[in-house]
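> Chain by chain, the residues:
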Amino acid sequence: MEWGPLLGGLLTLAILSYLWKENPVYRLAEHLFIAIATSFSLVVNWDTLVKPTVQTDILKNGRWDYALAAILGLLIYTRYFPKVAWISRYPLSFWVGYGAGYVLSFSPAPLIKQINDSFIKFAATDKAGALLVGSTINNILFFLMLISALMYFFFTVRRENPLVGYGASFGRWAIMIGLGAAFGNTVMARISLFLGRLQFLFGDWLHLVK
Amino acid sequence: MNIFERMQKIDPRVIYIIFFLVLAIPVLFPAPLPLATTKETKMAYDFVEKMPEGSVLWIGADYGPSTVPEMGPVSKAVLRQAFKKNLKVVIFPMWQDGQALMQNFAEEIGKEMKKEYGKDWVNLGWRNEAVSVLRLTTDNILSATAGVDWAGKKLADMPIMQNLTALNKDQVAGIFEFMTGNPGAAQYLERVVEPKGVPMAVACTAVSAPGEMPFVRSGQYKGLVNGLRGAAEYENLVGKPGKANAGMGAQSYGHLAIMLFIILGNIGYLLKRSR
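Just so you know, the protein sequences line up as chains P and S, in that order.
Heads up: the first sequence begins at 2 in this note's numbering, then just goes up one per residue.
Heads up: the second sequence begins at 73 in this note's numbering, then just goes up one per residue.
If you're looking for bench data, these hints aren't it; they were derived computationally from the structure.
Careful: at least some of the hints might be erroneous.
Okay, the calculated bits of chain S under chain P, using three or more residues with CB under 8 Å as the criterion [what the hints assert, rightly or not]:
#1 91-101
#2 213-221
#3 299-308
Values in this document were obtained by computation on a predicted structure and should not be read as measured data.
Even for Gly, the Cβ is constructed at its ideal location relative to N, Cα and C.
I would like the entire structure built from these sequences, with the hints used as guidance.
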């Protein structure tokens, strides 16, 4: 008998039992999950971060400069000692400055391309120059929904202005349709995850399906 | 009290049981419904298919165990396609768990297709502050990874690394990013795709797909595989239906059940309001 699938199967059922009502078996499985996830995270961090960095990078490959970063990182714990707590601002300021610089260097390029892509030609044609009706309607809808969704968040002009009022109202519908599509995808994703569990229960554990 | 009014007050647990049966029966007795391939999945498939034999496919393994039902099948399908085309596969995880998950998938498919670790594929391994390490790989992979793979083996000794020094368009034919959140495709866009011009296709969970679609339209992604459905389409394109296809029948019946519940619930609500 394979103990892994048996244990996994029983724990899956224990977690799903919450759908019926809260019960001690569910609580046991929940506590086990949190404990195992914490231990797993510790072991993974040790194996993939601490050990290779110290053993391979620093000791074996001589990257002693890594130790400087470790010292800077450790300084953050000075905040537990009121007299020297001010030192903890140095690693924090380094981290914030590094993060801000990094984001400002790299983030604008993909976003600018997105803005460029919003300026589209309404009439879509194929290679022979014939009008593609479906794509043209899509392009017009895209433009209308983009502008009206932006209008919904435009608070400088009062909604009494008919252009802004009707535009914002259409924008609200556009946002609701967008959120509806996102919600539909979320439902699909959650079903997929549950199916993964069912495939495990019926396949790996009970061997009822291949 | 008519049937619709009674359904308004139905115990949620009854719905759970019905839903469990609707999903479990097709898993036990598969009855798949027809599945059309979406344009975005076909684009992603063609993107890999058009890569020259022997070129490098960079794989971003950025997901954890919680999304394996969606991301596992498509990972295997892409690896199978890449190995079939004799592409050199370089795995780079920005998620700690992604390292072990993609390693297991590559070992499984690699063994099946007689591919050798170090020669045909390699796992560079997860590094702390992986997003910065990703940026560094565009300059020098050996320096960015301290010269070792996920298990501490020297990269310089591996045949696959002999002509691969940096992640750029001259040395890497393309990126296939498997993402479920942050870090993920956005970091590749900012640090590799835009500045270095390396093309990229993405596979993501269905939750993330609506947010990623604009990048396909703008041409920043060369294709997008959307959740389990996209994975099933990809499996079909590769010609080896697997777990995603097995789940798609149940997925479709589940959606039908949800639609039915919503319609019945709304009819009941409208009837109640009209009285």
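> Hint by hint, say whether it matches the structure.
Evaluation of the provided hints:
Counting residues of the segment 91-101 of chain S whose CB falls under 8 Å from any CB of chain P gives 4; the rule of at least 3 is met. Counting residues of the segment 213-221 of chain S whose C-beta lies closer than 8 Å to any C-beta of chain P gives 3; at least three are required, and the coverage claim holds. By the rule of at least three residues with a Cβ nearer than 8 Å to a Cβ of chain P, the coverage given for the segment 299-308 of chain S holds, with 3 such residues.
Hint compliance for this structure: every hint is met.
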